[in-house]
Structure formats: structure tokens, C-alpha cells
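*Asks:* Line order of the protein sequences matches chains R, D and F. So in the UniProt record's numbering, spot 176 of the first sequence is number 176, and the numbers just go up one at a time. So in the UniProt record's numbering, spot 269 of the second sequence is number 269, and the numbers just go up one at a time. So in the UniProt record's numbering, spot 240 of the third sequence is number 240, and the numbers just go up one at a time.
None of these hints come from the bench; they were simulated from the model. Check each hint, because a few of them may be wrong.
[Said to hold, decoys possible] Quick partial rundown of chain D residues pointing at chain F, CB under 8 Å, derived from the structure: (1) Asn34; (2) Pro43; (3) Glu51; (4) Ala250.
[Unchecked claim] Pair by pair, the computed Cβ-Cβ distance ranges are: (5) His260/F / Gly132/R: 43 to 53 Å; (6) Ala113/F / Glu75/D: 49 to 59 Å; (7) Asp211/F / Pro169/R: 29 to 39 Å; (8) Ala72/D / Arg110/R: 22 to 32 Å; (9) His260/F / Glu75/D: 42 to 52 Å; (10) Arg264/D / His15/R: 46 to 56 Å; (11) Asp116/F / Gly132/D: 34 to 44 Å; (12) Ala113/D / Pro169/R: 47 to 57 Å.
[Stated by the list, open to error] Some chain F residues well away from chain R (every beta-carbon gap over 12 Å; in silico): (13) His22; (14) Asp31; (15) Ala46; (16) Ala52; (17) Asp116; (18) Gly134; (19) Asp141; (20) Gly144; (21) Arg242.
Even glycine gets a Cβ: it sits at the ideal position worked out from N, Cα and C.
Spelled out from the first residue to the last, the chains are:
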Amino acid sequence: MDPKSIADALTAVRHSRPLVHHITNTVTTNDCANITLCTGAAPVMAAAPEEAGEMAALAGAVVLNIGTLSAAQVESMLIAGRAANERGIPVILDPVGAGATAMRTEACERLLAELDIAVLKGNAGEIGVLAGAGGEVRGVDSAGLAGDPAAVAASCARTYGTVVVMTGPEDYISDGERTLVVGNGNPLMGCLSGTGCMTASVVGAFVAAGDDAVVAAAAACASFSRAGERAAELARGPYSFRTALFDEMANLTEDDLAAHADVRDAGAA
Amino acid sequence: MDPKSIADALTAVRHSRPLVHHITNTVTTNDCANITLCTGAAPVMAAAPEEAGEMAALAGAVVLNIGTLSAAQVESMLIAGRAANERGIPVILDPVGAGATAMRTEACERLLAELDIAVLKGNAGEIGVLAGAGGEVRGVDSAGLAGDPAAVAASCARTYGTVVVMTGPEDYISDGERTLVVGNGNPLMGCLSGTGCMTASVVGAFVAAGDDAVVAAAAACASFSRAGERAAELARGPYSFRTALFDEMANLTEDDLAAHADVRDAGAA
Amino acid sequence: MDPKSIADALTAVRHSRPLVHHITNTVTTNDCANITLCTGAAPVMAAAPEEAGEMAALAGAVVLNIGTLSAAQVESMLIAGRAANERGIPVILDPVGAGATAMRTEACERLLAELDIAVLKGNAGEIGVLAGAGGEVRGVDSAGLAGDPAAVAASCARTYGTVVVMTGPEDYISDGERTLVVGNGNPLMGCLSGTGCMTASVVGAFVAAGDDAVVAAAAACASFSRAGERAAELARGPYSFRTALFDEMANLTEDDLAAHADVRDAGAA
Numbered sequence: 001m002d003p004k005s006i007a008d009a010l011t012a013v014r015h016s017r018p019l020v021h022h023i024t025n026t027v028t029t030n031d032c033a034n035i036t037l038c039t040g041a042a043p044v045m046a047a048a049p050e051e052a053g054e055m056a057a058l059a060g061a062v063v064l065n066i067g068t069l070s071a072a073q074v075e076s077m078l079i080a081g082r083a084a085n086e087r088g089i090p091v092i093l094d095p096v097g098a099g100a101t102a103m104r105t106e107a108c109e110r111l112l113a114e115l116d117i118a119v120l121k122g123n124a125g126e127i128g129v130l131a132g133a134g135g136e137v138r139g140v141d142s143a144g145l146a147g148d149p150a151a152v153a154a155s156c157a158r159t160y161g162t163v164v165v166m167t168g169p170e171d172y173i174s175d176g177e178r179t180l181v182v183g184n185g186n187p188l189m190g191c192l193s194g195t196g197c198m199t200a201s202v203v204g205a206f207v208a209a210g211d212d213a214v215v216a217a218a219a220a221c222a223s224f225s226r227a228g229e230r231a232a233e234l235a236r237g238p239y240s241f242r243t244a245l246f247d248e249m250a251n252l253t254e255d256d257l258a259a260h261a262d263v264r265d266a267g268a269a
Numbered sequence: 001m002d003p004k005s006i007a008d009a010l011t012a013v014r015h016s017r018p019l020v021h022h023i024t025n026t027v028t029t030n031d032c033a034n035i036t037l038c039t040g041a042a043p044v045m046a047a048a049p050e051e052a053g054e055m056a057a058l059a060g061a062v063v064l065n066i067g068t069l070s071a072a073q074v075e076s077m078l079i080a081g082r083a084a085n086e087r088g089i090p091v092i093l094d095p096v097g098a099g100a101t102a103m104r105t106e107a108c109e110r111l112l113a114e115l116d117i118a119v120l121k122g123n124a125g126e127i128g129v130l131a132g133a134g135g136e137v138r139g140v141d142s143a144g145l146a147g148d149p150a151a152v153a154a155s156c157a158r159t160y161g162t163v164v165v166m167t168g169p170e171d172y173i174s175d176g177e178r179t180l181v182v183g184n185g186n187p188l189m190g191c192l193s194g195t196g197c198m199t200a201s202v203v204g205a206f207v208a209a210g211d212d213a214v215v216a217a218a219a220a221c222a223s224f225s226r227a228g229e230r231a232a233e234l235a236r237g238p239y240s241f242r243t244a245l246f247d248e249m250a251n252l253t254e255d256d257l258a259a260h261a262d263v264r265d266a267g268a269a
Numbered sequence: 001m002d003p004k005s006i007a008d009a010l011t012a013v014r015h016s017r018p019l020v021h022h023i024t025n026t027v028t029t030n031d032c033a034n035i036t037l038c039t040g041a042a043p044v045m046a047a048a049p050e051e052a053g054e055m056a057a058l059a060g061a062v063v064l065n066i067g068t069l070s071a072a073q074v075e076s077m078l079i080a081g082r083a084a085n086e087r088g089i090p091v092i093l094d095p096v097g098a099g100a101t102a103m104r105t106e107a108c109e110r111l112l113a114e115l116d117i118a119v120l121k122g123n124a125g126e127i128g129v130l131a132g133a134g135g136e137v138r139g140v141d142s143a144g145l146a147g148d149p150a151a152v153a154a155s156c157a158r159t160y161g162t163v164v165v166m167t168g169p170e171d172y173i174s175d176g177e178r179t180l181v182v183g184n185g186n187p188l189m190g191c192l193s194g195t196g197c198m199t200a201s202v203v204g205a206f207v208a209a210g211d212d213a214v215v216a217a218a219a220a221c222a223s224f225s226r227a228g229e230r231a232a233e234l235a236r237g238p239y240s241f242r243t244a245l246f247d248e249m250a251n252l253t254e255d256d257l258a259a260h261a262d263v264r265d266a267g268a269a
């Protein structure tokens, strides 16, 4: 992957400063707001059915995260998603814990069926469940995936007609035809609650600012994971890592990203 | 403005340790709780209609923040606000995102009509919208204000019969007759989610402990912004700034505040 | 208390990595998720009535925290608690603000009556209120306790047929017959919102992994408080303390814990 196009995707976020509307969980809301700001975009959260559609219509991207879902929240997600779909605003779905409970799996299937989801971002277990490819989920953590990850991501993308971002030690980004792998990152990212949710926010910011969702999502993963690599050098544990992760995301330069982004083709899916 | 009266306002908070009741958003709740503690007051959050009034009646101030409002939450705000009004407990309203959606603007207008709001604290866009003075709001961020900020703050204060705190690079505090300007602060405060919400909590603590709401609110803004100035010297990005901001708020001394508070008269409104 | 059994309890958490299901408040959710991770367990939050029982049944422990309770949330707590009780999964109740409002006191009494609560963890004011022993609560903070703390903890344990963890400068852990005291800790833990909630999460992790709830809860308190002692050495205020507290919890070694845990018998209750 051309390093310049990755760096250009970051520049596009910072120049356009897109508004990223979230309907999300109560665990990592603050993390999502702040990582959106550190990426160079502007966060907003609004879940009431009376305003979810109006706020979505003003946004550059809409992030739906079912981490602490309720029946009422799913209705608001549908309202926001439809308002976004009508205007061509990309919708990102984070299927947190899909596979762990029936309610989560069914909510994801409904959102995928009733909305045009631009990007489906989950961990390997969640994507494996939704792809019908033997994913396992424990609570909200991936507990394994049967099969080749690039093939599962591509298959899931074809099934739902969306771009899939499957996160893990390596991130797989696929629209079903083209599949990219991002090799950046650090194990400390898995020691912190919310890095998955934050990835969805960063993907939202990049997809709002870019034309090609596969490239934008890969650039988002590379940027956030590169910030994680830099942060790990400053950390003495998970929380000093967290402080450094946000700092490094805000301070990330296009030059550093171009030099260190590890984004490559996964081969034919 | 006499530096000693600003420092005395901080002393009053720490001596009386007021209970500050919040009905607030889900994005920055934890920030509000911790900044209340670091200011020297005691936070509590209770939004259920069954207890919102009972808890408000125990408090030194009540902070209402519509950042992630719902129809039910507005009812709880009215219950808490009425319980506070009956007892002369000051109510602080943070009109987060007023102007961005109809629901937010209408909720603020209803709260301002049905309650006696002691302090209305918003950014320039929000205050401009509520003052009918050409404010613009994008998501929850100010996107501009037509006209002279001191005059807009004073006009808004007269319209609603309240003290207005209009935050920005400079903060304007007005009861419609007297208008103060606080010049302290650092641009990093705008790179962090929640500094506006936290300002409302700090204002709540100071207004609970002081007799003169204009002086107390100005002292609150000066204290929090002075902590921001000190924190900026320790920061390598927005999140190390955040850590230092809370530390510096807790460590702020009356001597430092008296020496560095930049609170002046804005002239006749 | 044998230091090795305290250290072994920490080892048990890290080896079994239990899933700790939370139905909790909106103020400190993120803190609870991250401290659970730093302890070596896996957090999940799921409060919808449709999935609260299903998620609880998958967990090693269920933590119920009424810090921002609603009527609907109490119903979900009952669903989750019953699912846990049926399977012998320990339920931890954190009665945040019991005594401050009627709703909170009544919710605790109902949860204690209808569920088999393995551990009731509160501050001295909350436990004192529930024990009918002259506890006082201001907002969500303890405002005092009449009588000998070890006796109150033991009496409360006998009244409700549960293990009581009463936190404060010293923590008292009692099943009504045996009462342990944990002397570890640092005053900075009281300057931070959420340390009480986090204690419940840590207790949940240890009780999930151990056979003896009194020893497990005492080991949990000793571990978290020992992390606080280490963190205080690195802090320049409440928020740098917070960063260090999570780091030190993740980095805590069995050797350090065995050498420094201060867990002793409180004498006959």
C-alpha cells in the first residue's frame, strides 16, 4: 500500500474536521469522544429518538455501538441510520459482544438488514459469528475464530455488502474483493477497555473524510495502531499507556505515519 | 477585580465542601465527578424521578446538563430543579448543543421558563442561540457568535433573569448589569472533551459556597482556567494535559490564584 | 493472616481470568471495566432485561451497583441476580448512597431480600445504615458510623447472611463469625471518584476465582489498597495517582503482595 495515501487520509481528517455522531455504550463514551478529538474530528453523542435523526443528518459519519444496548437504543440507531443513509452519510457498526447473547446477535442482524452499513468493525469473534464462520465471543472479547482471518473478513463483507474491519493483533480490512492487512499495534492495546470502540470512532472520522472506505478504514487502523506503538514506548502499565495513546494520536504526524504504516495486500480473498 | 475576593471564593469552597448534585450526560459524568472532588466539593449524580428531588434538596447546588438528554431526563431535571428552587439552592444549567437540534433548544427554553436558573453556562454558540443573538452550534461545539461577546452575555442574562457564564478563549460572566471577563486559560482546554461540562461543575461548587453568584462564577472560571495554564506546562498532548488539569485543580493554592487570576470588568454592557 | 494465601488469591484470578458481569452506575463504569482488566479478569456490562440474565449466567461473578439506579435497572439486577443464584455464581452488591435517599435504601433492602448476595460491599455510612447501626451518608460518601466498625460489619453480615466488606481507612471483612481487617491503603484513594466502585469489581474478580469469600474479599481489598500505596509514591495529585493506581494494579506481583499485605484478625465480633 502506498504510504502517501495513508498519510493523505490523515490529512483529510484534519482538514475537514468531520462531525462524528455516536450512539454508543456507557462504558467507553468518554474515550470515544476524546479519541475523535485527538484524531482531528469532532464528536457528538445524541441517542434520544426525538433528535437522533436530526443530529445524524448533520454529521460526516455515524457510529453505532451496541456495547450496552437496550431495545429503545436500537430504535434510535435505526432512526439515525436511516437519516444518514438518505443523505449518503457513512454508518459504522460496532457489533460489541455479538455472539455472547441472543439480543446482541439479533440487534446486529437487524441493523445490518435494515440499514446500509458502510463499515462493520468487530473483533475476530464477533465478525466470525456474524459471518457464520465459527467465531467465539466471551463477554465482549474475542475467544477465537475458525479459519483464515483474511478469508473470513472477505466472506463477511460479501455476505453483508459492506466493508469489514476485523481487529486483532493484525487488522483485516475487506470489501469482499480487496483485503488489506494492518500490522501496526502493540499488545498493551488489548489490556485497555475501549480500544475496540475507539477504533470505530477513528474509522468513522477517516471514512467521513475519505472517498475510498477500504483505504480510509485501513488508514484509520494504521494511525491508531501506530499511536499505540509510540505510546507503548512511554508506558509503565495500561493506564500510563492510555494517557500516551491519546497524546500520540493527537501528535501523530503524516511523516511518521508514512514511514511506519504497515498496510499490505492480503492477497486474493 | 480584587484578587483576594477570588482567592476567598476558593477558600469558601474548601471550607464548606458543598454537595453538588448533577443530572448530566453520559459522556463526561466521570470528569464532572472528579473535577468536583478536585475543586474541594462533593459530587453526587442521581437522575431517577423517584429520588432526583430528594437528592437535590440535600445539595448545595444542582447542575443540569443536557449533553445526552432524553425526554425522561428533562422531567427529572424539572423535579430536581423545583426541589432546589423551593429551598433557595442554586441551579446551574449547561445548555450543551442548544441550537444543534430542536429538542435541545426547546429543552433549554423549557428549563429556563419553568425553573429559576441561577447560572446559565454555555459556549458562545449556545449562549448566542439562546440570546437570539446569532449563535451557531455544530454538534456540541460553538461555531461562532455575531456581535460583541460581553454585550451578548449581558443581553442573555437580562432576557432570562440569570447570571450568564459564556465560555471561550475568554469567559464572560454577567448578571445583565455587571459583566466580568476572565482571561485565564490555555488552548489545550479546547482539545479535550468535557472541559465545558467540568466548568459547570466547578461553577456549581463555587456558587454553592458564595453569596455573590457573579463573583463566585468568575472565581470558578479563573480557578479552573488557572489550573489549565499550570497543567499546560506539564503536558505533552491532550491526555497528559488532562491528568495535569485535575492534579492542578486539586493543588491550586489561594496564593497562586490571587497572583495570577485575570478577572476584570468588561465595561458597561 | 497467612501472606501466602493472600498472594495465592491473586494468582487464582490471573490463572482463571473470570468474566465479571456488571450492572452499574454511569459515573464510574469505565473505571470498573479497566480495574477489572488490570486485576486480571474480564469485564462485561449488560443491563437490558432481555440479556441481563443470559450474560450473568456466563459470568464468574455479578456486580450490582446502585450508584445511578433507576426502577428499570433494579428489575434488571433482579433478573441477573436470579440467573446467577440459580447457578451458584456469586453476586456482589454495592449499596452506593444507601441512606441518602429512600429509593436507594429500599432498593438495597429489596435486592438483599430477593437475592442471595454473596458479598455486600459499602462504605461505613452505607453499611451502618443497612445494619441499623447509626450510619450516616451524605450524597454517596460516608458521613460517619456509630459504634465499633468490626462489630457493625459482623452484625450486618449476620443480619443479611452475607459477607460484608466495609471500606474506609481500614477495610473490615466479615461473615458474621470471622472478621478480618485490611490496613493497606492511602488517603489519595478517597480523593478520587470511583475507588469504592472499583473495590467491588476487584472483589468480584477475587470471589469468582476463590473458594472462601472472606479470604478472597480480604485479598481483593489488600491487593487494590496495596496498589494504592505504590501509586501514591508516584503521584503529584489525584489524577496522576489514578493513572498510577491502574498501572500498579496491573503490575502488582504476588511477592510484593505477600510482603506488604496487612490483613489481620479483628478478634471476636
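*Asks:* Against this structure, judge whether each hint is valid.
*Replies:* So, going through the hints one by one against the coordinates:
| no. | hint | in the structure |
| --- | --- | --- |
| 1 | Asn34 | 5 Å, holds |
| 2 | Pro43 | 7 Å, holds |
| 3 | Glu51 | 4 Å, holds |
| 4 | Ala250 | 5 Å, holds |
| 5 | His260/F / Gly132/R: 43 to 53 Å | 51 Å, holds |
| 6 | Ala113/F / Glu75/D: 49 to 59 Å | 29 Å, violated |
| 7 | Asp211/F / Pro169/R: 29 to 39 Å | 35 Å, holds |
| 8 | Ala72/D / Arg110/R: 22 to 32 Å | 24 Å, holds |
| 9 | His260/F / Glu75/D: 42 to 52 Å | 50 Å, holds |
| 10 | Arg264/D / His15/R: 46 to 56 Å | 37 Å, violated |
| 11 | Asp116/F / Gly132/D: 34 to 44 Å | 59 Å, violated |
| 12 | Ala113/D / Pro169/R: 47 to 57 Å | 56 Å, holds |
| 13 | His22 | 9 Å, violated |
| 14 | Asp31 | 9 Å, violated |
| 15 | Ala46 | 7 Å, violated |
| 16 | Ala52 | 9 Å, violated |
| 17 | Asp116 | 23 Å, holds |
| 18 | Gly134 | 35 Å, holds |
| 19 | Asp141 | 23 Å, holds |
| 20 | Gly144 | 32 Å, holds |
| 21 | Arg242 | 7 Å, violated |
Figure legend: structure checked against the earlier numbered hints; hints not met, in rising order: 6, 10, 11, 13, 14, 15, 16 and 21.
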